[in-house]
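Colleague: Top to bottom, those sequences are chains L and D.
In terms of the working numbering, the first sequence has 182 at position 182, counting the first letter as 1, and numbering is strictly consecutive.
Whatever position you read off the second sequence (first residue = 1), add 1000 for the working numbering.
These are computed hints drawn from the structure, not numbers from a lab.
Hints are not guaranteed to be accurate.
Listed below are the simulated DSSO-like cross-link pairs for lysine-lysine, each with C-alpha atoms no more than 27 Å apart in a straight line [as the list claims (entries may be wrong)]:
id	chain 1	residue 1	chain 2	residue 2
1	L	K216	D	K1219
2	L	K225	D	K1122
3	D	K1252	D	K1278
4	D	K1188	D	K1219
5	D	K1163	D	K1060
6	D	K1252	D	K1163
7	D	K1005	D	K1246
8	D	K1030	D	K1188
9	D	K1163	L	K217
10	L	K216	D	K1084
11	D	K1278	D	K1246
12	D	K1018	D	K1030
13	D	K1246	D	K1221
14	D	K1163	D	K1209
15	L	K180	L	K167
16	D	K1018	D	K1219
17	D	K1018	L	K217
18	D	K1221	D	K1005
19	D	K1122	L	K217
20	D	K1188	D	K1122
21	D	K1209	D	K1030
22	L	K216	D	K1122
23	D	K1018	D	K1005
24	D	K1060	L	K216
The chain contents come next:
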Amino acid sequence: MSVFDGLKFRKSFSPIHNLDPRIKFVYVIAVFISALLFSQILPLIILFLIQLPFVFLARVQKQWFRSLRGAAFLAGFIFAINIFTNFFFNNWSLTAFDVENALGMTMRFVVLIVSFSVFFLTTSPDHLGLALEQSHMPYEFAFAFTTAVRFVPVLAEEAQTIMDAQKARGLELEKGNILKRIRNYIPILIPLIVSAIRRSLELAEAMESRAWGAVKKRTNLYLLKLHKGDYVLIGITTFLLITTIYVRLFLFTYIPLVSNFF
Amino acid sequence: MSVIKINDLVYTYPGASKPSIDGVSLTIEKGEFVLITGPSGCGKTSLCRTFNGLVPHFYKGDLSGQIIVADQDIMGEQTFDMAKHVGLVFQNPENQLFALSVEKDVAFGLENLGISREEMRKRVDWALNLTGIYDLRERSPHEISGGQQQRVTIAAVLAMQPKIIVLDEPTSFLDPLSAERIFEVIYKLNQEQGITVILVEHRLDLTAKYTNHLVVMDKGKICFEGNPRNILCNDEISQIGVGIPKATLLYKKLKADGFDISEQTPLSSDEFANQLLKVLANDYS
């Protein structure tokens, strides 16, 4: 059950939650591009710091920190690989510059993780589905997405029930070597799949009964409208992109290296 | 004026050897509250599916006979066209809700029909208020109880403003109290909005009092049809697995022992209690 807890979105309200998901997504992409433009650590640290106000405004520090901790292992791995390759190709020697370079690569990864996690922590699947619907994507995709999100907790509960039922009949899940353990899950997977298929049939029946496919152009109860905050974010995004591209094109060589100070 | 007219309906599911519906003829009048009951596998659900054309359009299979619903021959209509006239509510509320909020789910059918946003908003709020779940409109279907979920599905078909609402054992996943609340909502819709209601239900204890058109099915056929007061005191009915209300059973027993409490067969405990009180008051005076 706990595995699926992270997929459950908790409803909360903040200026960041209320932003238009499309604009938020464009912003994340802008941060993404900016992070790829630089390999030096200083601009990447600045990009990282820019994310912090969003986190605190959205009051998702706790979850955000958790996702950061989850990424720590991968970040460490990236750092180690970078250090090792530099070490290897530079004839078994390591300079301060190499360490900074490796740190920069790691920081770039962290910036990407951070911006995406803020996006997913503050955008309800509801909102995301709506954004998909209203960005001229075929409705079927948006529907598949929201339905999938809708049924995650339902199927998780069902998996738990089946697990309990099979355990009650003497199935031991944590027994044997790894291959045996994987095999142990077959008596859980099969009923789960069968019931999911049955569920999907019932779902199709209910959809048909509610006029699915009646008209070519569906309407929508909600309309995504841009508010003040969205325009502010558009401003920030544009400013960020222009600045980073300008710096990259004309001031790239002036970016100070921390290792030069030592 | 009849809203549903079925003539000599025989229907076999693809791959089945026996027909699920075997020679059914049924007429339902506008504004009626019809109760269909019978043991499991008697063809009630299949019959419900014919009302909006799920049988035979969605399930395929062999069908003969004629089904006219809201002046349309269902053979010539798609299910999504029939959805405007007939709303179907199924057993498991969980599998009828697709959206991530109650409100959005109620709007689902209207969105499919391409109704304008202002009109949709009006109808959604109306349906939510009528079923008493307006306060839940922004909750996710996973967060609310089974009874509330089933009310959402009722609101969802209601928003499409059908002439007929068909409920196929809507309370089989619910506890008796939530079930009773659902029945009251349905009865209110029938009385106040004049919507024709067709309810498939085992719990006659709770529902017999609402209807004067009871249909008892067994093995794909209709074996009894008419006023529940006449049908439920029939001796043959106890042979088919039908849950006769306990008050009716007690009344029959007392009558067999020579205690004639009232001319009218009671259908609910409350009704029987009142009859008893009346008799007792007469005896004391």
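Colleague: Of the hints given before, which are not true for this structure?
Modeller: Of the numbered hints, 1, 4, 6, 7, 12 and 17 do not hold.
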